[in-house]
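**Student:** These are the residues of each chain, in order.
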Amino acid sequence: MSSEVDVNKLYRKVRGKKIFFLFILTLALLAITIISICIGPISISIQDIIKAIFGENPDENLRAIVLDVRIPRVLMAVMAGTCLSLAGVIMQGLLRNPLASPYVLGVAAGAAFGAALAVAFGLQFIFGEYALFMLALVFSLVTMFMVYGLASARGVETETLILAGIAIGSLFNALVSFLIYVSGEKIYGIVFWLMGGLWGADWEQLFIIFPVLLGGIVITLNCSWDLNALSMGDEVAMNLGINVKFSKIFLLTLATLLTAVTVSLTGTIGFIGLVAPHIVRIMIGSDHRFLLPASGLVGAMLLLSADTLSRMIINPAEMPVGIITSVIGVPFFVYLLMKRRKRWWI
Amino acid sequence: MEFKVKKATVVLTAILIIAIITSYGIYHFLSSGYMPDSTATLIDGAGRYTTIKHPVEKVVSLASSVSEILCTLNASEVLCAVDQYSTFPPYLKEKLDTVDDFNVGSGATPSIETIVYHKPDIVFAWPYCTVIDEIEDRGIPVYVLKYPDDMADIIDLIKTVGYIVGREGRAEEISSFMTGYVEMVEDRTKELEQKPLVYFELNEPGKTGNGSTIAGSLIKITGGANIAENSSLKYLTINNEYIISTNPDVIIKFYYGTEPNEEEMDQLKEEIVNRPGWSVINAVKNDRVYVVDYAECSTSPRLIIGLVRYAKWIHPELFNDIDAGELAEYVYTNIYGLKT
Amino acid sequence: MVDMRLRVKDLSFKYSTTDVLSGVNLEVDEHEVASIVGPNASGKTTLLRCINKVLKPYMGTVFIDGKAIVKMNIKELAREVSSVPQIALRSFPLTVLDVVLMGRTPYVKWQLTKNDLEIAEESIKSVGIENLTSKYFDELSGGEMQRVLISKAITQEPKVLLLDEPTAHLDVKNQLEILDLIRNLARNKDIAVLMAIHDLNLAARFSDRIYMIKNGSIFASGSPMDVLTSENIREVYGVEVRTIKSEESIHILPIKPIRSFNQT
Ligand SMILES: Nc1ncnc2c1ncn2[C@@H]1O[C@H](COP(=O)(O)OP(=O)(O)OP(=O)(O)O)[C@@H](O)[C@H]1O
Ligand SMILES: [Mg+2]
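Chains as they are written, first to last, in our numbering: chain A, 1 to 346; chain B, 1001 to 1340; chain C, 2001 to 2264.
Don't take every hint at face value.
To be verified - One-sided excerpt, in silico: chain A residues whose CB lies under 8 Å from chain C:
1. 124
2. 228
3. 236
4. 239
5. 287
Stated by the list, open to error - Computed Cβ-Cβ distance ranges for the label pairs, DEER-style:
6. B:1112 with A:152: 41 to 47 Å
7. B:1112 with A:214: 53 to 59 Å
8. A:178 with B:1043: 34 to 40 Å
9. C:2061 with A:170: 46 to 52 Å
10. A:152 with B:1282: 54 to 60 Å
11. A:170 with B:1266: 37 to 43 Å
12. C:2073 with A:214: 49 to 55 Å
13. B:1147 with A:126: 31 to 37 Å
14. C:2073 with A:28: 38 to 44 Å
15. A:222 with C:2066: 33 to 39 Å
16. B:1259 with A:327: 40 to 46 Å
Don't read these hints as lab results, they were simulated from the structure.
The beta-carbon is built from N, C-alpha and C at its ideal position, and this holds for glycine as well.
The following block holds chain A by itself, in its conformation from the complex (with noise of 0.2 Å):
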């Protein structure tokens, strides 16, 4: 028994210093945001948005340029990289794989195909433009039941479902290249729309995706000690009184449903649900009740920012912010992969 603990102490220095963690995070998100909102391909002034905004008489296109795209595409990212970093959180935890994302399961093709496949058939011109949506967000629930059930064949093994992920999500994309081959023309937008991004987005949207966040943000909170239990392993969550079964399959429903309707809005978006929880693990490691919050936060910046780098660079061209959030994951990786194998590689 040498040195003296006073473990009082020692937790509430440590915790003391994830929240003013947290606090730093938002107040860059915070700073993030506000920097998005004043650029942008056409240069507004500060007074100028805040006139748009408040103004008696606003110039009318600067208000439809601040209030209708700027400000719902600025938030929109915010949301979309908040859902996917928090589906990376839990995936990650709950398969106990650094390299899960939020895809692992073959959402992001399941939300292709019913896409691809809404536009084959023409449905946005038969229930309208949210018959897209719809259709993805469906395929893309069935998507992870069918990689559930594949998996429980097996007693839900984390590796049988990464392969049933695997499995699916390939048979999902090559329906989705099969339909693209038979289809023509006529989808090749659907290309487009499996590279993601925000360009339509609009309040509309933000109303479907707010009350998924913030449900997602409540729940996933709740089930902090759960997910740090199940990062253990099943038999010690179990012993910690945990159930598992339960546990996993409302957590990965949780994670599906964040997936999907952010896909289903946005399109495929990669990296940032990938590396965001672990930029977060790195700085204050894997306790999930700081861990969801500060990784949702760090997504949302590096979406948000990439967005706005998107928008920025070849002007007024957009880049594909799937091509930046990637330009920025992949050297994360790498560094990752080459840092910090000894502890985490499998």
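For chain A, the structure is supplied; the task is to place chains B and C with the ligands on it using the hints.
**Tutor:** Positioned in the frame of chain A, the structure of chains B and C with the ligands alone reads:
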């Protein structure tokens, strides 16, 4: 010497017989058509030399535009197979659906087997075709097309195809008909000071093209100013804010469907008009959002219909005397030989 | 009659086709350390897993203080029984403190109370890992990990502690220290300890009671002296041994395996 004379006779006779046989052979060889009538060496759209039989009699077209042009040249009988998207004029679609070996699949990865089976004199393909070398390895010349940038490229293509199948006359007729319209439109618009701003949108929100796309070229000819004219990218997704702030006077939305459907086209327009923030755009305010059938703006004689539509949308005051519907009817009856 | 802390009655278990445990009866009282010994694949781990409800026996019952565990939900059980698994899984970077505090999972909703922290501190001290608290769990040595996991289990304030081969990867000194620690915990914290262990000498020295298991049934049970006889070992393990009895314990010296004798 008796013997000697005999020997000389035999030799002479032999020479005679050989000469007769040879000359008969040469004559037969020539008259049987074994010798090619003529050949032609062309430089294709990719800058490659291709030697073909001229005029060609059997064609496989992996490009729906070429299939369509051949039909307008009244040369549809030379088509022994086409790619799966060659569905216009309708009799091609019918044949695609009913005749098995008429369909070679996609233009990118066609069935080499089917192509070889037809022993065509030439294959037309886009540069994205992945099996050009494989086809040529089997002794079949491939004419690789160039992606057209403007009206002139398309008229050139019609003439080239006309030459290859030996329908120069008809090709000339069609291209001068088209050129006539182009010149008439150019004439009326060239002096204009005020060029309305035009935004055209392909299949995705924000997806448009610069000046060296067909749509961009149509806008230029018809006296409009494309808002993405100077983009360094041929095709690009243009920023939403940028569209609103440039405030286009005319918006042209492309419709991609196998057959034009009024209802779907109306819905496309509705969607654009209702986009958040777009109500301030002049084109929306003044109800100048139009939907055009993609087929009328692609590489074929039908492009002339698109041209006239653009002209009327961008400068209605200048083209009062021309009716796009009438022109369409004329094109379909007289150029495509379809009864309307 | 006062109920035993842990009582396993007529427990039988099978993986889909193969019978693993049949009619196992076993008791451990508080303050007691009981060991399960037996050859590989005899069903030791399986038995422990039945007790913490990871596996469901098809027959028989497990009682904690007279209450059947089937009547408890998984959270209630987690407050009664904690366990230290045979192999710790690789995890994302968590500090030792994080892992120890994880033991409070069955008690907390979101916020840890002062009481929770005191319990953790107490457990860290009793296991002697004060100097490790800020280290990363996955960077520890095997012996340190074992201690941390025991500390986590103790933080759970269990009535019954299950350990699966707690000395597996440890050096001689650590083996003795850990087992000593376990015995002290049993004595001081009123815990009933049940562990699976391969080393018969250690089992003999640190257990109050030994259950010798063969092919899924208890072959012999009782005090180390009574159970670890050369006849029993010969019968269960198929090994010729010599036993030396000393004051405090019984020592087993393996001689050679018996050729003709094979499992089952
Ligand atoms: N998940 C499983 N599915 C099927 N059979 C299993 C499973 N786990 C264990 N078994 C079988 O049950 C039997 C008992 O295994 P158990 O792990 O309980 O043995 P053990 O006594 O702990 O062995 P060891 O000393 O090697 O740890 C073995 O025959 C094993 O093959
Ligand atoms: Mg075992």
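**Student:** All hints are to be evaluated individually against the structure, with a verdict given for each.
**Tutor:** Structure-based check of each hint:
Hint on residue 124 of chain A is violated. Least Cβ distance to chain C is approximately 42 Å, over the 8 Å limit. Given hint, residue 228 of chain A at the interface with chain C, holds; its Cβ is 6 Å from that chain's nearest Cβ, closer than 8 Å. Contact between residue 236 of chain A and chain C, as hinted, is supported at the beta carbon level, the nearest pair being about 6 Å apart and thus within 8 Å. Given hint, residue 239 of chain A at the interface with chain C, holds; its Cβ is 5 Å from that chain's nearest Cβ, closer than 8 Å.
This hint holds: residue 287 of chain A has a C-beta 5 Å from the nearest C-beta of chain C, less than the 8 Å allowed. Residue 1112 of chain B and residue 152 of chain A have their C-beta atoms about 45 Å apart, which keeps the hinted 41 to 47 Å range intact. The given range of 53 to 59 Å is respected by residue 1112 of chain B and residue 214 of chain A, whose C-beta atoms sit roughly 57 Å from each other. Here the CB-CB span from residue 178 of chain A to residue 1043 of chain B is close to 37 Å, well matched to the stated 34 to 40 Å.
Against the hinted window of 46 to 52 Å, the Cβ-Cβ separation of residue 2061 of chain C and residue 170 of chain A comes to about 47 Å, which satisfies the hint. Taking 54 to 60 Å as the suggested C-beta distance range, the pair residue 152 of chain A and residue 1282 of chain B conforms, at roughly 58 Å. Residue 170 of chain A and residue 1266 of chain B have their C-beta atoms about 39 Å apart, which keeps the hinted 37 to 43 Å range intact. Taking the beta carbon of each, residue 2073 of chain C and residue 214 of chain A are about 30 Å apart, not inside 49 to 55 Å as hinted.
As the Cβ distance of residue 1147 of chain B to residue 126 of chain A is approximately 34 Å, the hint placing it in 31 to 37 Å holds. With their beta carbons about 43 Å apart, residue 2073 of chain C and residue 28 of chain A fall inside the hinted range of 38 to 44 Å. Here the CB-CB span from residue 222 of chain A to residue 2066 of chain C is close to 34 Å, well matched to the stated 33 to 39 Å. Look at residue 1259 of chain B against residue 327 of chain A: about 42 Å separates their beta carbons, and that is inside 40 to 46 Å.
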